[in-house]
Amino acid sequence: MKFVHISDIHLTCPGERMAGLDPHRRFAQALDEVRGKHQDADRIIITGDLTHWGEPDAYAALNDALVDLPCPVRLLVGNHDNRANFLSAFPDHPRDEHGYINYAEDLDGTRLIYLDTTAPRTHAGHFGVDRIQWLEAQLQDCTHARLFMHHNVMTLSQPAEDKIALVSADRPAFADLLKRHQSKIDYLHFGHIHAICTGTYCGIPFASVRSTGNQSLPDFTETELLHGGPLAPSFALIEVGGDGTVIHDIPFTWDGPVFSSGTGWDDWAKPVAAE
Amino acid sequence: MKFIPLADTHVVGAGLLYGQDPAKRLSRAVATTNAENGDAHFVIVTGGMTYWAMQRPLRGLPARSRS
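Chains D and U, in that order, are what the protein sequence lines are. Quick note on numbering: the numbering used here labels position 30 of the first sequence as 30, and the sequence is numbered without any gaps. Quick note on numbering: the numbering used here labels position 8 of the second sequence as 8, and the sequence is numbered without any gaps.
Hints may contain errors.
Quick list of in silico lysine-lysine cross-link-like pairs, DSS-like style, CA-CA up to 30 Å [what the hints assert, rightly or not]:
1. Lys2/U / Lys163/D
2. Lys184/D / Lys2/U
3. Lys2/U / Lys179/D
Treat the hints as calculated values from the structure; they're not laboratory data.
Just chain D, same shape as in the assembly (with noise of 0.2 Å):
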């Protein structure tokens, strides 16, 4: 199986720029890498914060934007997102029985799961008991899982960043959920922080993906601002095998100098005139 994972995308009304960038055209960079050079991928699984403000044109707008793929696309909330505006541009998009935008379906073998991670109002995640519920139960009747998620669930030792994770009072469920499934979940990938971040959490490999636009500055002592900048973007190709998960970092809007060597000895000897 063969994932594209794009997350934190921040679409605007069509023309408003957001941090000094057109978030339309970064996005629609991506998925033209997606056309141009992976087509065979199976899922283009986009992890939340669709929108910067969650307005009924932006959703527009990424409805428009999703066209000519090569695979079916999964949409995830974040704390950007509005939920309703959100479910008025995807009328028919799956959710639980409790209106929260959790779904899931069975490729090759492995449930994938897309969650919910949103409150109103708030930055941070949450995951509260009836949540937890519809998790439990889709774990509970498959053999392997792999969860997308928009919110880290654990915090990172970065204490402002770690102030919008999943809030402290939802993570002990959420932990402890993770260790009673731990041998059939093989991933937790999300967005949300802007960079990428990579671990194990309960036994779990992680990984987080780059946002399409700026990106984050870890910070292990700020305690109240969030710091980034425009630093280049990425997507991650998630590539699923017998013998394990592979996961590439795609700097999509890389147009600069490409150097070429082949792999030999000799290709990499040291010229007369090094320079």
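Position chain U relative to chain D; hints supplied.
Positioned in the frame of chain D, the structure of chain U alone reads:
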């Protein structure tokens, strides 16, 4: 435990490599590590230290001692 992996620093003796000075880049990585992660227990350089495996560039690797 906290540690910092560095890799493929590709230091050359003098001059540039693909338009960049690798030793200067490495010095910036060391300075950033010292400034922001002075509590790290160790730094591990996982190969590709030099570009052409010459003895002289190795002396260009910045050093840092920890007590």
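Status of the hints after comparison with the structure:
A C-alpha spacing of about 22 Å is found between Lys2/U and Lys163/D, which places the hinted pair at or below 30 Å, so the restraint holds. Restraint check: the Cα-Cα separation between Lys184/D and Lys2/U comes to about 29 Å, which is no more than 30 Å; the hinted pair holds. Between Lys2/U and Lys179/D, the direct Cα distance comes to roughly 24 Å. Compliance with the 30 Å bound is thereby established for this hinted pair.
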